[in-house]
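Novice: Each chain, letter by letter, is given below.
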Amino acid sequence: MKHDYLWDGSGAPDPEVERLERLLGRYRHGERAARAPRSQLRLLRGTGIAAALAAGVLFYFSLAPRAGYRVSNMGDVHFARAGDVLEVGAASASVEIESLGHVELLPGSVVRIEDTGARFHALFLERGALIASIVAEPRVFRVGTPAGLTIDLGCEYRLEVTSDGRSLLSVVKGQVEFGYGGREVYVPAGASCESTLTRGPTPPIFDDASDELRELVEQLSATGAYAPFPAKLPYDPELLERLLGFEDREDALPLFAMMTDPGLPFGMRDAIFDRLHEVFDSPESVTRAGILAGNADMRQDWLGVIDHWWR
Amino acid sequence: MVRSDSEAGSAEAELVRRARGGDRAAFAELYDDHTGLVHGILISMVKPQDARDLVQDVFLSALRAIGRLERDDRFGPWVATIARNRAKDAYKSRTPEVGLDEIMDPPAAGAPEEEPDGADEEAERVLAVVRDLPEAYRETLCLRLVEGLTGPEIATRTGLTHGSVRVNLHRGMKLLRERLEGLGMRGCSA
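Protein chains in written order, with numbering that gives the first Met the number 0: chain G, 0 to 310; chain Y, 0 to 189.
Keep in mind that the hints were calculated from the coordinates and are not lab data.
Warning: the hint list may mix true and false statements.
Straight line, CA to CA, 20 Å or less: simulated SDA-like cross-link-like pairs of lysine to any residue [said to hold, decoys possible]:
no., chain 1, residue 1, chain 2, residue 2
1, Y, K173, G, D280
2, Y, K173, G, R21
3, G, K172, G, L85
4, Y, K46, G, E20
5, Y, K173, G, E17
6, Y, K173, G, H307
7, Y, K87, G, D280
8, Y, K87, G, G303
9, Y, K173, G, G10
10, G, K172, Y, E134
11, Y, K87, G, K172
12, G, K172, G, S132
13, Y, K46, Y, E134
14, Y, K87, Y, P76
15, Y, K87, Y, A135
16, Y, K46, Y, N84
17, Y, K87, Y, E134
18, Y, K173, G, S9
Covered by chain G, per the in silico footprint, the following chain Y stretches (three or more residues, Cβ under 8 Å) [as the list claims (entries may be wrong)]:
no., segment
19, 10-21
20, 51-59
21, 71-78
22, 141-155
23, 166-173
From the three backbone atoms N, C-alpha and C, an ideal C-beta is built for every residue, glycine too.
Please model the complete structure; the sequences and the hints are all you need to start from.
Specialist: This is the structure in structure tokens:
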């Protein structure tokens, strides 16, 4: 078979192709951050997002499997490997997730180390609470709980497993995808939600939301598709009417999660779409039919616009 | 061990089935296997910094929509389509980037904060020339020259035939050589 360097790298290298590979290889995913052109470096410095560059570098170095994590303030335990279970005493302990950041384990927590970088970095919080501060590309770091999995999208968040089995998530910086049992919600910085084994995550709300909104979302979360199985109570249309009446854009965060939840009656999702469409611009790519049919691309497009108001 | 295309396709289909069932480790594996493909497509259409940011968006979209992927063995072509659409939307919605002419002949207003070294500047200019090629060529060349995928790998992951990829590579490379030569940027003779 004839050798063809451009096609499959076989045979004598074509000098021009080799030169272009060397030149453009600096942009390769996982390598480009370390060798970004300086004109980009200037832009990154100027816009204050050099952290993104650092994240790329850290991601690059995170690819190789490591033996374990350094542990601080846990008595004789200084190192943890995959499979180890850390039982935290009366004082907080800290786990260094390689060069990605660290996780503070709060007193009384029990955390299992699931993966130390062979595939990704993963912990499982059996009980207690942790605060994760991670600078990494998405999906590199994750924390499981009995009632949900947090997928890090580059952020800082607090996660707690309560004695009654609920998982509570509060995002401090960045954004987190939180999912369980087929229900997934997007939680931006400043917002929280909780998840249980029987219903998955509730619609998130911002931490500074009014008590009225908070109570309303709690009430809605106890009915219909959000109700803990098997005690399903019907939705109360009046609750939704009240939720639709909130005027602040931040108060629409739970609506966005509910709009595409397949468990909600179509009429409710239709009303939510109308309200969100009224409050936020929607890109041309977004249509009512597409959104209500669960078109994920449209949802993501619209979220891209709405998110601007939430940050 | 080298896996055949059909074995790789079957393994990928199994990952898709598991990911659809909520297995996040399986989705993470799909992410790892396809980031080069997604990033290569994105960088053929948007600036490098935007491409890096959009990789996350593309996989978030894929995660949300994987239940609607009709053929389990077509994750690559499917996520490639999402990447192209995201890049097109980003291109439409963001401020116009610097044109090729400006990159080739930058304005001399004010002293630069920091002089780029020769290789970095050359890379920036060559990438701009690649991205100015017709879509089929620029995407295939970015996957080959930026991400380091071979022609057969590009074909498997994008769902294109080997023949199409080979044609795009060779015609794209020929056009790229001509344009670089026209701009006085050819480093070696073929």
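Novice: Indicate, hint by hint, whether the structure satisfies it.
Specialist: Hint check:
1. K173(Y) / D280(G): 44 Å, violated
2. K173(Y) / R21(G): Roughly 18 Å between the alpha carbons, so the hint for K173(Y) and R21(G) holds.
3. K172(G) / L85(G): 26 Å, violated
4. K46(Y) / E20(G): Holds, at about 18 Å.
5. K173(Y) / E17(G): 15 Å, holds
6. K173(Y) / H307(G): The given pair, whose Cα atoms are some 43 Å apart, is violated under the 20 Å limit.
7. K87(Y) / D280(G): Cα-Cα ~19 Å, so holds.
8. K87(Y) / G303(G): Holds, at roughly 14 Å.
9. K173(Y) / G10(G): 19 Å, holds
10. K172(G) / E134(Y): Judged against 20 Å, a Cα distance of about 37 Å means the pair is violated.
11. K87(Y) / K172(G): Roughly 28 Å separates the two Cα atoms, so the pair is violated.
12. K172(G) / S132(G): It holds: about 9 Å lies between the C-alpha atoms, which stays within 20 Å.
13. K46(Y) / E134(Y): 15 Å, holds
14. K87(Y) / P76(Y): 17 Å, holds
15. K87(Y) / A135(Y): 14 Å, holds
16. K46(Y) / N84(Y): 15 Å, holds
17. K87(Y) / E134(Y): The hint holds at about 12 Å.
18. K173(Y) / S9(G): Holds, because 19 Å separates the two Cα atoms, which is no more than 20 Å.
19. 10-21: violated (count 1)
20. 51-59: Since 7 is at least three, the answer is holds.
21. 71-78: violated (count 0)
22. 141-155: Coverage by chain G holds here, the residue count being 9 at a Cβ distance below 8 Å.
23. 166-173: That given contact holds, which follows from 3 residues of the segment 166-173 of chain Y lying within Cβ reach (below 8 Å) of chain G.
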